[in-house]
Structure formats: structure tokens, C-alpha cells
Amino acid sequence: MNERAGGQRPPLNEKLRRALSPTGNTGDAIFRAAMFAVALLMVLIVMAMILALASHSRLSIRQFGFGFLTNREWNPIKDQFGALAFIYGTIVSSLIALVISVPLSLGIAIFLVEQAPHYLSRPITFLVELLAAIPSVVYGVWGIFVLAPFLRVHVDPQLARWFGWLPLFQGPITGIGLLTGGIILAIMVTPIISAVVRDVLSAVPNTQREAALALGATKWETTLVVLVNGAPGIAGAVILGLGRAIGETMAVTMVIGNRPEISLSLFQPSYTLASVIANEFTEATADIYLSSLIELGLILFFVTFVVNAIARLLVWRVTRKTAGVGMAA
Amino acid sequence: MSLSKTITLTLAAVLALTLAACGNNATGGDIRLQGAGATFPNPLYQKWVSEYGKQHTNVKIDYQSVGSGAGIKQIKERTVDFGASDSPMKDEDLKAAPGEILHIPTVLGAVVITYNLGGVAQPLRFAPDVIADIFLGKLKKWSDARIKADNAGVTLPDTDITVVHRSDGSGTSAVFTDYLSKVSPEWKEKVGAGTSPNWPTGIGGKGNEGVTGQVKQTPNTIGYVELAYAVQNKLPAALIKNKTGSFVEPTIDAVTAAAAGSLANTPEDLRVSITDAAGPTAYPISSYTYILAYKAQTDQIKGKTLVDFLWWGIHDGEKFAKDLQYAPLPEEIIKRAETKINSMTAGGQPLR
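Chains as they are written, first to last, in numbering that gives the first Met the number 0: chain A, 0 to 328; chain B, 0 to 351.
Since the hints were derived computationally from the structure, they do not count as laboratory data.
Backbone N, C-alpha and C define an ideal beta-carbon position, used for all residues, glycine too.
Treat the hints with care, since some could be wrong.
[What the hints assert, rightly or not] In silico DSBU-like cross-links for lysine-lysine, where the CA-CA straight-line distance does not exceed 30 angstroms:
#1 Lys46/B <-> Lys75/B
#2 Lys77/A <-> Lys94/B
#3 Lys77/A <-> Lys242/B
#4 Lys147/B <-> Lys242/B
#5 Lys147/B <-> Lys77/A
#6 Lys59/B <-> Lys77/A
#7 Lys77/A <-> Lys75/B
#8 Lys46/B <-> Lys59/B
#9 Lys89/B <-> Lys218/A
#10 Lys46/B <-> Lys77/A
[Said to hold, decoys possible] Have a look at the derived ranges for each label pair, beta carbon to beta carbon:
#11 Gln33/B <-> Gly106/A: 40 to 46 angstroms
#12 Ala120/B <-> Arg160/A: 29 to 35 angstroms
#13 His153/A <-> Pro279/B: 45 to 51 angstroms
#14 Leu263/A <-> Lys94/B: 44 to 50 angstroms
#15 Pro349/B <-> Ala285/A: 32 to 38 angstroms
#16 Gln33/B <-> Met48/A: 48 to 54 angstroms
#17 Lys139/B <-> Gly106/A: 39 to 45 angstroms
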């Protein structure tokens, strides 16, 4: 969503560059130093977090080593700790969320940018952004009381009936499980992805559309050209959504079933990294138990960190490209 | 320059006010006690704190319900004046603490088996081995002959049982798995007892409200919640067959009876599990909840305040228990807790 400034970025950059350039003015020097300190603080905070997580998970890293990542057993009573089931649950629930939310978000964004009249696009944009601001625990409660029963009665039995030959849709149906977790995540990340994609599409120069139309392209073909132009930015938006899905805690834990288990069936309960930390932290008394939970945090931190870095890189690429064309809207 | 002057002056004023406020606290004679731990007795402890505060206006007690595990951790690290835990501290935790920690029982609680079976009006009855096998995932159908055997006249559906358990680390899970470990050797060997056991089957709900939500929303489920929560939300509660063979309804009196029935094997330090207790009226999935405090207090004034508060709690405080759905301590245990409180000292001097 912060890509809304994308179009105005070049002038802002220039202003900054002017302010940063050493002109011999004392005010400028102070300003520069202050800004540098703020930026440095951010870096220090990230470094401090990694250091703290790493040092507090030392015990577990030393005891379990690399096996922590490949062991699927999580049994605090017997001091057996492995992260694999949580990593699996995190990734699969996030992937389900993307499979559902990406087409949905693309559709919303294309409608808003390419087709909707002004009197419609404004209120719809507002509503979509409003969805992004709802606290996740509200989604979770809605998930337990509305979504899960609805899926159990109307959706899951149909999936089992028509696609039951796939291992994905087998086993008992409770309405609580990996699929429900993925769907609630999809509903949560759709506003984020569609808002960013909308900004990316608006940043695609109008010359592209005009050129396509001039060559005799239909509306649909023109939209395709716009999508291809915005592809890296769209990928960035998707990865931002993925980042949110991976780190989401409350809403997921309320509907995913919370069992550290790796099962092919999407109807079965599962567990995510963020959820298990939130659930078990308060009662973790043994040192090795606490240390293992913190190591889960470290793993989660790295996954989120990498995902966000990739997103930044892609978004940066698309904005630079359109700025190069010099037709930023 | 005038702007920065104003800022400096404002900062100075704020600092002065803050210091004055702190000074007031120290000289005004307010005694502050900090406690942290179990969430289960939190409503009762908040009631105690507010009632005690009305009678002793210079005493400010702050109890934070951060969980039994965190309570044990904080008392071990001496970051609080008293801790609280649903299950007694383990021997190795006691050894790791910098001083001798006393367990003062305050009230009792229980775990209730609840379920969602459409069309079943009368409460179900369960034998211990049946509960264990359901939660082990071995007994899969509601129409199983072993469930039917104890529930004559109840029409049980031929559907799969879905188990719902707590997903967050919890004293409720610890009490329930402690019970299952006592009544089922297979449970003891495969799963064991603890705040976050590795459940063989079922789906996890966060907190009592999460379990209740999933049981209420999903037909043919079975789960467990604490007694107070089940009563307040009018959940169906199963009768459990106890050690003497009678089916007991989870009530406050049945929980106190379980404590009374366990007196014979309650050790001197009061650290005891009272699940599967003896006595015809004892409800078998019951437990104490404790306040944890150092026997040798470091601060004479604070120590004296804590001792007075605990003494008040196990005497005057007990009368608030029933209203909040906690079972009060049996007489004999109050006497033993008195001895514990009387043994507390500061600088070698007794505090009572």
C-alpha cells in the first residue's frame, strides 16, 4: 500500500538528494546526521532482534542442531522438539491463501483501474482498504462462528464428493483445519494484495494502453499488456501478501486446529510457527522448551525477512522501470 | 532559541513532577506487592486484592495472570513477591530456586468433560478407561458398546467422535492429562502429563473459550474445560466414574470432597495431585491451585504484608470462592496451610 507514493517518488528523491548533499550549511549537516541516526536505529533494532533470538535459542540449537528443521516431533513432555510440522503448516496455509487471493486481488485491481467508473472505484477502494484494517482476532472469531460451520456444511462435503479421489480432500470433515486456515488467510491478505496491485497498475504508463488499442487490441488484450508491464510489481504485491500470511497468528490459530502434524489432507488440523509460539510461550517452563520456541521465532523471522526482501526488490524494479519511461501517472 | 527553551523547561517540569510522584509513593506509606502466575484463579485473586485493598488502604497488590509457567519462572527469578501455579513446582525447579519456596493452597478447581451431541438431553456418564481411549483416538464412535454400557437409555448416534483439546499451554490440560496418566497405563506411556502434551488425536482450541467455541460449533465433539467456565456457560457436563465406582457430577462440593479424600497421601509440603481421589462423592478430575512464596522473606514490611494477605485469603477470602465457582479448601488443609504461613520469616524473625 505504501506504493501509492510510487508515482511521486522521483521528485521526492531529488529533494532528498539536495538536502543530503553537503552544502556547508550547518542546518543541513544536523538534518543529515539526524536522519542517518534514525536510519541506523532501524538497522540496529533488526540486528538486536536477530542477536537476541539467536542467543536465547542457543540451548536448542546446540542440542538439536540441524535436526530441529527436519524433525516433525513436537512433544514438550518428553523434551522432543522439531520444527518441521510447523514449517509445513505455515507454508501450506500461506500457499492456499495465495492460490485463492491472487486471482481475486488481480480481478479487484483490474476492475478498479481499468474498468470501474470513478463513482464506483473510490468507494470500493475505500472498502478494500478498510478490510485490511480489521484486527485479526475479529477475523478469527468470525472464522470459528461463521466460516468454519459454513465450510463444514456446504463446502467441504462437496469438495470431498467431487475431488475426494485426491489425497487433498480425504478424511473426516470438522470444518477446522488447514483449508479453513488458508481461506481465512486469503480473506485477510486480499485487501493488501489488491491495494498494491492497484497502485502498480495505475503506474503503468497510459502510452502502453493507447499503443495496444491503436494496434487494434480488444479491452481484454489491452489489460493483458498492462498486466505484463506490471508483472514484477504484481509479484512484489503477492510476496507482501505472503509475508503477512506467514506471520499471521491469532486468526489462524482459531481455525487451523493446532496439531503439529503433517498430513496431505487439507481437512486435517495443522499448526503454524507464529501460532505455536503464541500458544505455548506462557507455560514453557523448561529451559530447552523455551529455547526451542525462541528458535521457532528465529526461523519465522528469517522466512519473513527473506520474503520481504524479495518483495522490496521486485517493487523497486517495477517502479524504476516505469520511472525510466518518464510517464509515471 | 525561545522554542528550545520552552522544550527544556517543559521537560524539566515533567521530570520534577515524576520525581515528586515517586517520592509520594515512598513516603506516603503505601506497600506494594507484585504477584504473577496462573490464569485459572485470576478472577478470585482479583476479588481478593480488591476486597483486601478496601480493608487495608495502604496496601496495593498487583496480580498479573500470565500463566503458571511464567509465575514459576518469575518467583524463581525473584521478580515478583509471590507467584501462583495450578500444578505444584517440580523438584528440580525448587532446587534451582535461590531459597525455599512454600506452596500455599488457596482454592480448588476441576476439569469438566463437555460434548456436543444433538438430541442427548441427560448428562452422559463415562468410565475412566473410556475417556482415556477416546482421547487416545482408539475409541472412535459414539455408538461404541463401551460408551453404551454406562449410558443405558440414551440414544447415541453412529458417528465419529471428534476430540477437542486446548492448544495453548495450560494448567487445565496438565490436570486432565495427570488424571489420564493415573487411570490409563497406555496414556502414561504414550503421552504423559503436562501443560502442552502431544495429543494423539483431535483439534486444538485456544483457551477455554476456543475449546468451547469449537465444541459448540461442531457436532459430535468432546472436549474439556475448567469447571467455572463450564458452569458460567451452561455447558453439558459428563458424570465421571471415580475410584470407588460411583458416577460423580462435577460440583463444587464434589471437588472439595476430592481434596478431603486425598488427605491421607497429602505430603507435608502440600504438593499433591488429587486426581482420581478416593471417597464415594469425590470428583476425580480435581486439583489445588497454589500461591508460591519464599519462606525467608527479604523485606520485613513486605513480608509481613504478604503473610497477612495470605492469612486473610485462606480464612476470609475463602467465602468468595463459591460465588466464583471455585471449591473452598477443606478444614484440615486450611490448618496445614496456616502452619506454612506461620513458618515464614524475615531476617530470621517470624512474621506472625
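Next item on the list: Please flag the earlier hints that this structure goes against, numbers listed from lowest up.
Entry: Numbers 5, 6, 9, 10, 11 and 16, in rising order.
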